[in-house]
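Peer 1: Assemble the complex: chain B is given as a structure, and chain G must be docked to it using the hints.
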Amino acid sequence: MAGVERVSGWQDEVLAKIDSGVDGTQLDRQLRLTPTERLEEMLRFLQFLEDAKRSHGDRPA
Amino acid sequence: MAIDPRRLLEALGGKEVDFIIVGGVAFVLHGSARVTRDLDVCYSRAPENLARLAAALEPLHPTLRGAPADLPFRLDVGTLRSGLNFTLTTEAGDLDLLGEITGVGGYDQLTRGASQLEIYGRLVRVMGLDDLERAKRSAGRLKDLADLAELLEIRRRRGE
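Read top to bottom, the protein sequences are chains B and G. Take the first sequence: its letters are residues 182 to 242, numbered as in my numbering. Take the second sequence: its letters are residues 15 to 174, numbered as in my numbering.
Chain B on its own, in the form it takes in the complex (with noise of 0.2 Å):
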């Protein structure tokens, strides 16, 4: 981005080192939504999750 120092430090060494796992498709997904959409998105998921563990209740996995 013009005008801003890029700054690098220990955690670059860290990255190359590391398998970072993040999931591409899901950020070219994400990147295809606005902003809205994207916290939609998200508010969905947690929903999914909250809805999960209440049918599940107290059972151990």
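No lab work stands behind these hints, which were simulated from the structure alone. One or more hints might be untrue.
Short derived list, chain B residues pointing at chain G, Cβ under 8 Å [claimed, not checked]:
| no. | residue |
| --- | --- |
| 1 | Ala197 |
| 2 | Ser201 |
| 3 | Gln207 |
| 4 | Leu208 |
| 5 | Gln211 |
| 6 | Leu212 |
| 7 | Glu218 |
| 8 | Arg219 |
| 9 | Leu220 |
| 10 | Phe226 |
| 11 | Ala233 |
| 12 | Ser236 |
The beta-carbon is built from N, C-alpha and C at its ideal position, and this holds for glycine as well.
Peer 2: For chain G alone, kept in the frame of chain B given last:
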């Protein structure tokens, strides 16, 4: 309880509170696939803004998250003036009010690099990717390293 960001943003925007969305929701708005359960905002510490912030949140009945239910708490101008960061539970979900962000600064510093994004039809200031990167590098926790990896990949895919 899930957050209701639309309601929170309407409450803040309705009283013309000067704030910037930061943290996990800011990251999601920029394209991250992560999930977060609260809304973090950095707010202006200007006295008139503290009054607007207190008025905006009052209808949402904020309480201190994790505090005993019988602990008296009122989020008014005096409370906001005497503190800096507040972790709140509201009727619209969890809301963190941050006076400053480690590695970046307060509201005035964040404003310079903030993005203006349309969210639910309203233009809202969101912490910029450069500042998010600075904050992630500064925090230096394991989870920040994972976020940094995703952030750098977002930048790469956006051609930055």
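Peer 1: None of the hints should be skipped; say for each whether it holds.
Peer 2: Outcome of the hint check:
Here the hint on B:Ala197 is broken, as its CB sits about 11 Å from the closest CB of chain G, past 8 Å. A hinted interface residue such as B:Ser201 counts as satisfied when its beta carbon comes closer than 8 Å to some beta carbon of chain G; here the least separation is about 4 Å, so the hint holds. Among the interface hints, the one on B:Gln207 holds; its C-beta lies about 4 Å from the nearest C-beta in chain G, closer than the 8 Å criterion. Interface restraint check: B:Leu208 against chain G, minimum CB-CB distance 6 Å, threshold 8 Å, status holds.
Annotation: B:Gln211 was flagged as interfacial toward chain G, and the flag holds, the nearest CB pair being 5 Å apart, inside 8 Å. Among the interface hints, the one on B:Leu212 holds; its C-beta lies about 5 Å from the nearest C-beta in chain G, closer than the 8 Å criterion. For B:Glu218, the interface hint is violated, the least distance from its beta-carbon to any beta-carbon of chain G being 10 Å, above 8 Å. Of the supplied interface hints, the one on B:Arg219 holds, with its beta-carbon coming within about 5 Å of a beta-carbon of chain G, less than 8 Å.
Because the closest C-beta pair between B:Leu220 and chain G is about 6 Å apart, less than 8 Å, the hint holds. The beta carbon of B:Phe226 comes within 6 Å of a beta carbon in chain G, closer than 8 Å, and the hint placing it at the interface holds. Violation of the interface hint for B:Ala233 is found here, the shortest Cβ-Cβ separation to chain G being roughly 13 Å, above the 8 Å cut-off. Because the beta carbon of B:Ser236 sits about 16 Å from the nearest beta carbon in chain G, more than 8 Å, this interface hint is broken.
Hint violations for this structure: numbers 1, 7, 11 and 12, all remaining hints satisfied.
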